[in-house]
Structures are given as structure tokens and as C-alpha cells.
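**Q** Sequence:
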Amino acid sequence: MGSVYEPLPETSHIRLLQVQVDQSSGDLVCDFKIVRLDDAKPDPFTAISYTWGQPAPPASSIRLSDGRVLPLSQTLTDLFDALRRRRWHFAVWIDSLCINQHDAKEKASQVSMMGQIYSSAQELLVWLGASTPEARRAFHFMGSSRPSTAEDAPAPDESLAAGLKLVLSILARPWFRRVWVIQEVTLNSGVSMVCGDDLVGFATFQDYVFSIWKFLDDWHDYDDDDPRIQGLWSATRLINLRREFLRQGFVRYEILLQAAFYCEATDQRDAVFAFRGIGEQDRPVPPPDYTVPIGQEPHYSEAVQEVYRKTAVALLCHGPSLDLLALGGIERPRSPGLPTWAPDLRYLAFIEPFVPCDIAEWNAGGPLGISPELISPGRLKIQVCPIGTIDEACPVFDAYSVADQKEAMERIFRMKSTLPGSTQQDCLGQLAMDLLFGLDIDDLPAGPVYHEYFTEWLQWLRASSSQDDLAKISHNKYHRTISMRVDGWKAFTTLRGDFCIGPACAEVGDMVCTVPGCRLPMIIRSAPGESGVSGTFEQSIIVSWCYVRGLMDHKAAKSQRMMMAVTLQ
1 MGSVYEPLPE TSHIRLLQVQ VDQSSGDLVC DFKIVRLDDA KPDPFTAISY TWGQPAPPAS
61 SIRLSDGRVL PLSQTLTDLF DALRRRRWHF AVWIDSLCIN QHDAKEKASQ VSMMGQIYSS
121 AQELLVWLGA STPEARRAFH FMGSSRPSTA EDAPAPDESL AAGLKLVLSI LARPWFRRVW
181 VIQEVTLNSG VSMVCGDDLV GFATFQDYVF SIWKFLDDWH DYDDDDPRIQ GLWSATRLIN
241 LRREFLRQGF VRYEILLQAA FYCEATDQRD AVFAFRGIGE QDRPVPPPDY TVPIGQEPHY
301 SEAVQEVYRK TAVALLCHGP SLDLLALGGI ERPRSPGLPT WAPDLRYLAF IEPFVPCDIA
361 EWNAGGPLGI SPELISPGRL KIQVCPIGTI DEACPVFDAY SVADQKEAME RIFRMKSTLP
421 GSTQQDCLGQ LAMDLLFGLD IDDLPAGPVY HEYFTEWLQW LRASSSQDDL AKISHNKYHR
481 TISMRVDGWK AFTTLRGDFC IGPACAEVGD MVCTVPGCRL PMIIRSAPGE SGVSGTFEQS
541 IIVSWCYVRG LMDHKAAKSQ RMMMAVTLQ
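Position 315, counted from 1, in the sequence shown is what full-length UniProt numbering calls 315; the numbers after and before it change by one each time, with no gaps.
Derived from the structure by calculation, the hints contain no laboratory data. Where hints are given, some of them may not hold.
Listed next, with one range per pair, are the computed distances between beta-carbon atoms [what the hints assert, rightly or not]:
no.	residue 1	residue 2	range
1	V69	R243	39 to 47 Å
2	S112	R68	56 to 64 Å
3	S112	H318	12 to 20 Å
4	E302	A403	40 to 48 Å
5	G53	S159	52 to 60 Å
6	A40	S112	21 to 29 Å
Mimicking PhoX-like on lysine-lysine, the simulated pairs with C-alpha atoms at most 25 Å apart in a straight line are [as the list claims (entries may be wrong)]:
no.	residue 1	residue 2
7	K477	K490
8	K33	K105
9	K490	K214
10	K406	K490
Note that the Cβ used here is the ideal one computed from N, Cα and C, for glycine as well.
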């Protein structure tokens, strides 16, 4: 296919695919046109955001005016069939067709220009794929009215609930889990969602996504790994990132990389490269480089790790924030070749530390003092403030097991220094907030009503005797919220009596600390020295971030005077 491409000039040029529908035969006749985006009046074009899909033999082709052909995947075949029914002629930019995918240098150059390409497009069509009867009903429902977003909106009737479930089914489509779509949708103001011959504007689609959260409460009917639920989370995250970009003109890389853990990419380096157009431009994140092709192991894996490591160095050593440390650690799956201070974005991980951090305005570490120092490619020297080593740990909390919940709470109540306070009511009130990190089911500060939900939940737990009792508490907002906050985590205390909540992999003897420049407390573990014996924390690995009662606010953390230098591996 490389023979159909003429070389692009060095500066901001792209190829547009100009398409004409032959009115006698209905066939598409196409030509590439090279245009410069910096022109005062660049050619109008439509950018397409879609999912490539799995490698497969071409489903069809379109011909160029000189007789040469471009093979099309099934996804693009369906797209062009829909476009020819809508328009007689059009100019489109589609990455798989308009970039010579066999030229690594051109591909890297064009990926670096993605921000300019998508922001320059006259419109962006999000192609969700061919339609189905269910999808047609969902789009007809979204096109028939706009949902009320007011706080005092009436409860939905059965038809609204049924329509929202149709919209939820659309969110199961693979497009919503693709990493590139975040930048593509964020950079263009004229976005439309398209499925087959149906279309709705992005603003309408956005309102219906939020209506699902507002009106559909029966989450017990869905598993966490249900594609519809994963799509709902992804769509919501995309909308919020788009709002953040429109508000300030960029999104912090730490927030973008947090989102990358939920996304999929054919090339795992795109977990970094796909954000180049919307991330901070003053951070020296590595530029796109595709010179090592996919599939050439072990060099490809090494190339991926090098991109992730260089990205971590760029963010940790060149800026005022060390928040990226909260995305590293051994809690998340990772390759043994990557240091624990660099996030391994190859593995799905459904943990978002910056969501409660931003909303609750945590700042455990306070401002950055001394910038990290790169000792070697795999070692980073940072300053930490020790809080204490873990002394006692509870069983892991499992919100879907009555027995495990009972055991975890019984151990929490038996732990020393768990329930400080003047009265039992004060103690329970503090614990109720700790287990939620102080946030309600909508990620907003939890109000007094959550103490009532906690009381009902605790009474239910103490009275429960079998797994069947879970059905009796499914309506309780405390139970539903705690499953979002601490499911799979455990409570523990430090030697000095701090009450903490952290991941299952935290162990007795690990150190809890704050890090100047990082808003979240961290858990580190002594790494074996050259002799193979663990002793001090001078050489450490990151375990995870954690919650520490009373230390999420920097004012409380300032009482910790002692600082020490550790080298992270």
C-alpha cells in the first residue's frame, strides 16, 4: 500500500482523502490532496475518530482516480457506505489511510501533529460502527428530546429508564475504551456521534451519559467488567477531561496517564503518545517514535518500557509535582524491568487516586522541596518524610462477601488506636468517614446523612448470617459507596498509631511516608541491598499510595519534621 503515497513535505502538511460519489454507479472515486494546515484558509475537512479493530483481511477497497486502490477494513467499509448515503462529495482525514503506516518517520511526524489536525478539522465524526436495531432505538431516543439535568428534576418514568438503558448499551462499543479518542474528541468543538445512518451532537450525548448516572441506580444488575459499565466510566472520564482542557487549555499529564490505565491501544507506546496534543507542552515527555515495529520482541517491549521510564523522568524531574508516584508501585501489574516509580501503562488498572485527591483537596506532602535526582536509568533519589512503619493489618475488605466484610470490620474494631474520640458516636462517625475517604457516591464531600447510611449498614452487617443477606443491603448508599472506595484494600495501623487504608499488598514493616510535592501519602518497602538483605529504607521500592487519617491535609503533615533521602528502584 506504500506505493500510493507521495512523500509529505517536512512542515505541517497532511494528506486529505477527497471523495466523490459517481452518481451513475454509486462507486467512490478518491484522490489524495496534500494540504498545509498553517495556511490562512486551509481546506475544510472532516476528521474521523473510530476503532481500527483487530487485524483482518480487507473487507473491500476504494479506487483512486489513477486506478490504484486502497484496501478497507470492515469498519471503514461500513463508514464509507454511511458517508456516501449522506453526501455526494467530501474530504476526510482518517489516520489509517492518510498516514503511510509503513513509514515510521512519517507516522511519528504526523502523530506529533495530531493536536493541530483535530483542532483544524471543520468537524469530527465519531464513528461507532454499523447500526443494529437496538442502536437505532438508542439514537432515536437521544434525538427525540434532551434530558433534564437540574438537581430537582423529577424521577424518571419507565420510558426514560428504558431509553437510558439503550444508551448504556451503546457505551459497550470498543470506541469508548480506545486511548486515542480522548485527544481526538477533546480538540474539536464540532463533534457528532454517528452509528450507521444515525447521528447526535456530542452535547446531547453528554447529557444522556450524565442522566444514566442520575437515574439508573440498579448497578447490582451489572458486573464491574461488563463492557457497558466500563464504557460508561470511560465516556464520563472523556467528558471530564474535555471540560478540563476547554477550561485551561491543557490537561496535566498525571491525570491523562491515570486515564490511560483504563484504555486500550494497539501500540502500547500510544498510552503516552496519544496525549501529546492536550498535555502540558512544557514537560519534556518523549516525542512519538515508531522505529521499533510492533511484534519484534524483545526489542519492542524494551522500547515500550523506555518510553514509560523517560515519561516518568520528564514528569518527576521537570516540574513542581511528584503526583506521578501515586500511579506507580507494585500494587498495579508491571513488568519486572520497569522501576516502581514509573507507571506501567500496559496493564488495565481501575484505580484513580487523583479523583478523591482533587475533590477533597488533599495535599499530604505539601510543596516540592528538592527535585528528584536520577542516579541511574532505574534509580531515582527523592526526599521523604517518614510517618511510621506498618504494625498491624486487617483482612482485605470484600464488599461482595458478607463473611469477609464481617471479619474485616471485627478486626478494625479490635485494632488499637482505631477509634479515638470522646464518645462512641464520635468514634463511629470518624470511622464512617474514613472508610469512604470522606466522599459520597457521587465523589462529593459526604454529608451527615451518610452517618445514617453507615448505621443501617453496620446493623445489617452485625445481623447478617449468610451470603444471601447481601440482597437486603443493595439499596444502601453506604454499602454501594464503600465498594467503590476500599473494595480489595485493607485497614492497618502504624507503630505510632496512625489509622490507614491501603492496598492488599501492603505488609507489616512497610513504611508510610509523605513526599514533598506529592499530594498523596505513599507506602515504600525496603529493597534488598547488594548483599540480598533488607534492612534500611535507603534503597526502596514503591508499594502504593494510601489514605492516612489526619494526614491528608498538609497542615497536619507539617508536624513531621524529619526528612530522609531514599533511592527508589
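**Q** Identify every previously stated hint that the structure contradicts and give their numbers, smallest first.
**A** Per hint list: 2, 5 and 9 violated.
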